[in-house]
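Asks: Dock chain Z against chain D, hints included.
Protein chains: 2
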Amino acid sequence: MAVRVAVVGAAGAVGTQVIRLLEDRGFPVAELRLMATKRSAGSKVTFKGEEIEIEEASLEGLAGSQVVFFAVGTEVSRELAPLVARQGAVVIDKSNAFRMDPEVPLAVPEVNPEDIKRHKGIIASPNCSTIQLVVALNPIRQAAGLERVIVSTYQAVSGTGIDAIRELDMQVRQYSGGQQLTREVYPHQIAFNCLPHIDSFDANGYTLEEMKLVRESRRIFGDENLAITATAVRVPVFTGHSEAVVVQTKKKLTAQEARRLLAGAPGVVVQDEPEHNVYPLPLNAAGRDEVFVGRVREDLALENGLSMWVVADNLRKGAATNAVQIAEFLVKEGL
Amino acid sequence: MAVRVAVVGAAGAVGTQVIRLLEDRGFPVAELRLMATKRSAGSKVTFKGEEIEIEEASLEGLAGSQVVFFAVGTEVSRELAPLVARQGAVVIDKSNAFRMDPEVPLAVPEVNPEDIKRHKGIIASPNCSTIQLVVALNPIRQAAGLERVIVSTYQAVSGTGIDAIRELDMQVRQYSGGQQLTREVYPHQIAFNCLPHIDSFDANGYTLEEMKLVRESRRIFGDENLAITATAVRVPVFTGHSEAVVVQTKKKLTAQEARRLLAGAPGVVVQDEPEHNVYPLPLNAAGRDEVFVGRVREDLALENGLSMWVVADNLRKGAATNAVQIAEFLVKEGL
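Protein chains in written order, with our numbering: chain D, 1 to 335; chain Z, 1 to 335.
With the rest of the complex left out, here is chain D (with noise of 0.2 Å):
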């Protein structure tokens, strides 16, 4: 069964990820549509040595698309992909459009696959700090339960877009070459520099990006009385994200089990010898579709408590990896 696709923000980072990892799967791919704003319109991407042009995106344009990705901003998507769905297609959303609407599905194929079948059109693929998350700890939750969760986030700027991986990378160069450094994109300097600060800041004293760990991690778990706390800060790192995780379980499991149950878990690579310097980290992460755990060790907090370290692709595992494995979900479930 080979699928029409279309890619809608073809020229960002997360969308050119997209179309590398649709032909490097080797996704049935009958047809591909590339789509972007005005400004990328008209450039060329290779896929399977093919050139393929970017059009101005256009519902007329996504008329007879199967599976349409949605790699855009959120404003996009609330208002272009409820039409695309209903010319047929099963529109695939990265943005923070849908995730916490009771109809759309929140999946993450590792955890809650069959939620994808009860989709209506449209399957959001959550915020990137919580796929990571949610990989490493469901294998966790099913043999031990959660009791609660603690996260601080190590986040890459790529998780910004282009525009800020363009930032950090004029802000070293203008510190190699001895200039003043500038900045556009955060309200301070990234390079050399953490900002606890991701997206806007709510009324209770949280930022989106923390609440989205938060309720994000509850609505794919299907427990909305988890209690999880999230601290997100954005570092000077490119591509991957890290999240220094404790973990308190219903029942005690051991660091050996805890490592046991993640090398099984699908999706999760255990990266765990640290006498030989092997834990995970973002730059080894990066170009890679897995989820990396270490440094699993018992708590010294809490009862029944675990700590680990997992990183992961934030462009890939993070939000292109996990939409198109939505999509083979669905191929294979016959769409």
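Among the hints, a few may not be true.
As the list claims (entries may be wrong) - Counterexamples of contact, computed for chain Z against chain D with all Cβ distances above 12 Å:
#	residue
1	V3
2	V45
3	T46
4	A63
5	T182
6	A263
Said to hold, decoys possible - Rough simulated footprint, nothing fancy, chain Z against chain D, three-plus residues with beta-carbon under 8 Å:
#	region
7	77 to 90
8	195 to 204
The hints are simulated quantities; they were obtained by calculation from the structure and are not laboratory data. Glycine included, every Cβ here is placed at the ideal spot set by N, Cα and C.
Replies: What follows is chain Z alone, placed relative to chain D:
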């Protein structure tokens, strides 16, 4: 009362700061002797407009000194400090050599100044990441008691020393020049990366850096059973350690109450206007002597929980400033 002072390790990252602080804070110096390894001996340092030559460290050279700052590695401190103390000096040691020695006070002047008085010739200054944590926790502990503390750190390379500052500098220059990145100090590239590995690994899976945070905090607070856990991470920042701290108190505190307590605490500056992009940043803390606290909010996962973001200059308050403050307390108390 003017004091005969010596700095051992005067050419290092922390020693250099101690000399600067003695001048900046108007410490009553009668005489200043500077010591280092043979390699650095002979180089000159300007102190109050006068050039002082660094000598090769020796017991004889320290005879007659009243306060001796040790800003050297653990091995050298362990060997030399007791001999210097036996000569009649008070040693203020920044290494790990004596921190858990029950005969040696482990002191943060804002938190446990009374412990300084019990010294027998050596006073230990805690590890950088501990100092800023206990300064921020202390007003909360005094008002509401500590039940549980969970810390994730974002630590600057200057904590490793001058070689590590050079390594990050070199790697970003290599990056900017399109060259291959090389490394010597860290087991992995530090530029554009996060290393969940500071100091060596313990059998329980924690690093010594993490266990220092745990053990030193318990000792400073005089609470051997405090439930506290840590993940210590090196980030590509030159100066300024950041910490995401979740604390569960015995009595409920609102975020507003916590902010008020922090604002009134010695050595703490509250920076907490997220709506104006005001929160602590390592880049802004660099060169400052205070501990900066912001992002104070009621925690979502723990009853009576508070989350906050704590930043300080690891070479100043995290090392040199704390040592000089201990010396100031000694002078105030007549040594």
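Asks: Determine for every hint whether it applies to the structure shown.
Replies: Hint by hint, here is what the structure shows:
1. At roughly 37 Å from the closest C-beta of chain D, the C-beta of Z/V3 stays outside 12 Å, upholding its exclusion from the interface.
2. At the 12 Å boundary, the C-beta of Z/V45 stays outside the reach of chain D, the nearest C-beta of that chain being 25 Å off.
3. Every Cβ of chain D is farther than 12 Å from the Cβ of Z/T46; the closest lies at roughly 24 Å, confirming the non-interface assignment.
4. No beta-carbon of chain D is positioned within 12 Å of the beta-carbon of Z/A63; the least distance is around 43 Å.
5. Every CB of chain D lies more than 12 Å from the CB of Z/T182, the least distance being 14 Å, so the non-interface label holds.
6. For Z/A263, the requirement that its beta carbon stay farther than 12 Å from each beta carbon of chain D is met, with the minimum near 16 Å.
7. Using a Cβ-Cβ cut-off of 8 Å, 0 residues of the region 77 to 90 of chain D lie near chain Z, which falls short of the minimum of three, so the contact claim is violated.
8. Counting residues of the region 195 to 204 of chain D whose CB lies closer than 8 Å to any CB of chain Z gives 5, which reaches the minimum of 3, so the coverage claim holds.
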